[in-house]
Amino acid sequence: MSVSPAADCQTILANISAYLDGELETTACDAIEEHCQGCPSCSGLVNGLRETVGLCRQAASAPLPEAVRQRARDSVRQLLDRETATNRSPTTKRGT
Amino acid sequence: MRAQESAYRVSLLVCGHQEDAEDVMQDALLKTYQHVRSITDPDAFRTWLYTTVRNACLMKRRRHVGEPARFVSIEQGTDRGGESTAIDVADESRPADQRMIDGWMDSRLRAALKELPALYRTVLVMRQIEGLSTKEVATITGISEANVKTRLHRARLLLRRGLEER
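Chain order of the listed sequences is A and B. Positions 1 to 96 (my numbering) are the ones given, in order, by the first sequence. Positions 1 to 166 (my numbering) are the ones given, in order, by the second sequence.
Treat the hints with caution; some may be incorrect.
[To be verified] Using C-beta positions, here's what the derived DEER-type ranges look like: (1) A:R57 x B:R154: 16 to 22 Å; (2) A:C39 x B:E19: 43 to 49 Å; (3) A:C29 x B:V36: 39 to 45 Å.
Hints listed in this document are in silico derivations from the structure and should not be mistaken for laboratory results. Model, not experiment: these values are computed from the prediction. Ideal Cβ placement from N, Cα and C applies to all residues, glycine included.
Sequences are here, hints too, so could you generate the full structure?
So, in structure tokens, the structure goes:
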């Protein structure tokens, strides 16, 4: 994927995700950064998306509330116990 | 437990409802306990877990089509010529749980995610929040890698707009 030094706004928009994901070559990154220095609209878009990506990453690092963790553990244990009991119960023989 | 957290986060963000998310997480964890011995490759386990969670979310969504969040008895329901009518009622236990969830995850982000089309939301949650690779997301969702990238790009733009509006 290439971005010319005189990239227009449409080209920036098309390549912005690849840029944020570090999938572009250095020259393409330089072209985007150069364009953004003179274009407040694209600069705002890049910064806004960077913040959005950062917010999503933060969401992944929050630990699960203990109450939810406990409810899940209890419920899975109950289901497993029920399943074990069903497997252990003797099979009923049909009348001969 | 990492699998539990991932299952809950994905189901909460993809399903959109806290109760559904807990059901989905429990289904996924139960299946994990039942099948974990047959999966030896950690990468295969990741893909398997997220596929299980996604399928459980889809099942929940299908079950909920046209169904209110709660039903009340005929005595409590609205009287329309003797017929019982399903109506939505507030669950009194919800505010405490809601506060807990709000404290756990940015409510603005959850609200903006809810507004995204389902497949954009799924791709964004798995790729951006869970950190799965493009290839893994393509396997789980059954779409091409190019399509995953396109949807992720559009999802980011929509999410940014949604966050700005809040």
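Going down the list of hints, with the structure as the test:
For the pair R57 of chain A and R154 of chain B, the supplied restraint of 16 to 22 Å holds, since their beta-carbon distance comes to about 19 Å. For the pair C39 of chain A and E19 of chain B, the supplied restraint of 43 to 49 Å holds, since their beta-carbon distance comes to about 46 Å. A beta carbon spacing of about 42 Å between C29 of chain A and V36 of chain B agrees with the range 39 to 45 Å that was offered as a hint.
In the structure shown, no violation is registered for any of the earlier numbered hints.
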